[in-house]
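S.K.: Here's the letter readout for the chains.
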Amino acid sequence: ELKVEQNPLFLSMQEGKNYTIYCNYSTTSDRLYWYRQDPGKSLESLFVLLSNGAVKQEGRLMASLDTKARLSTLHITAAVHDLSATYFCAGQYSGGGADGLTFGKGTHLIIQP
Amino acid sequence: DSGVTQTPKHLITATGQRVTLRCSPRSGDLSVYWYQQSLDQGLQFLIQYYNGEERAKGNILERFSAQQFPDLHSELNLSSLELGDSALYFCASSELADSYNEQFFGPGTRLTVL
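Keeping their order, the protein sequence lines are chains A and B.
With the numbering used here applied, the first sequence corresponds to residues 1 to 113, in that order.
With the numbering used here applied, the second sequence corresponds to residues 1001 to 1114, in that order.
Because the hints were derived from the structure by calculation, they are not lab data.
Where hints are given, some of them may not hold.
What the hints assert, rightly or not - Here are some of the chain A residues that sit facing chain B, going by a computed Cβ distance under 8 Å:
| id | residue |
| --- | --- |
| 1 | Ser42 |
| 2 | Leu43 |
| 3 | Ser45 |
| 4 | Leu46 |
| 5 | Val48 |
| 6 | Phe88 |
| 7 | Asp99 |
| 8 | Gly100 |
| 9 | Thr102 |
| 10 | Phe103 |
| 11 | Lys105 |
Glycine included, every Cβ here is placed at the ideal spot set by N, Cα and C.
Bound-form chain A, shown alone:
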């Protein structure tokens, strides 16, 4: 059974600072996803990481995947208030066939001026 752990679960940081959210998973996962959720809203897809060493960047966010270490990171550069949200990573069991996503508990990120 795939298990996904994120840390930290809560992060308060100042604008302009850099930080990294970590996502560890327990068994082989074909792919790793990052989603953003604003309070009371749906999940917005940020990144899909499909292979070892994959790195994707969008604005101030950069995600990477190390399948050997079973680790994905979401790095925030020069944070701005608009990035305040809850960020989820999710894995997908690679046992073949279809399966839903297994989510981490989420990282609640607050960026203060």
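The hints should help you fit chain B onto chain A, whose structure is shown.
M.R.: Leaving out everything else, chain B in the frame of chain A:
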């Protein structure tokens, strides 16, 4: 806007009752997934349908069932509701069966059981 629609947005009902949540996937997507988000359990995968057939099951209770219709919309039926079923229920869709494509989430249905 992901292109996935869900109705209703909010639902308030009593314990023991039965409700139906509805989802329409993005145009062209054949796969529909249902997820439950609660404070206790976080985000949990419930069930997946692909082109009308059940494809994968997650942590779905026996009191819950789903189906996907020929027009590809899906319904999640929750019966004998308990207080603990109060949650946000999301539907997501993707193009293919094996979820290799990204899953796009709908706005969710917030269920409150009193």
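S.K.: Run every hint past the structure and note whether it holds.
M.R.: Here is how each hint holds up against the structure:
1. Ser42: With Cβ-Cβ at 5 Å, under 8 Å, it holds.
2. Leu43: Since chain B brings a Cβ to about 4 Å from Leu43(A), closer than 8 Å, the hint holds.
3. Ser45: Because about 5 Å separates Ser45(A) from the closest Cβ in chain B, which is inside the 8 Å limit, the hint holds.
4. Leu46: violated (10 Å)
5. Val48: Interface hint status for Val48(A): holds (5 Å vs cutoff 8 Å).
6. Phe88: holds (7 Å)
7. Asp99: Interface hint status for Asp99(A): holds (5 Å vs cutoff 8 Å).
8. Gly100: holds (3 Å)
9. Thr102: Hint on Thr102(A): holds, closest Cβ of chain B at ~7 Å, below 8 Å.
10. Phe103: Hint on Phe103(A): holds, closest Cβ of chain B at ~4 Å, below 8 Å.
11. Lys105: Since chain B brings a Cβ to about 5 Å from Lys105(A), closer than 8 Å, the hint holds.
Hint violations for this structure: number 4 only, all remaining hints satisfied.
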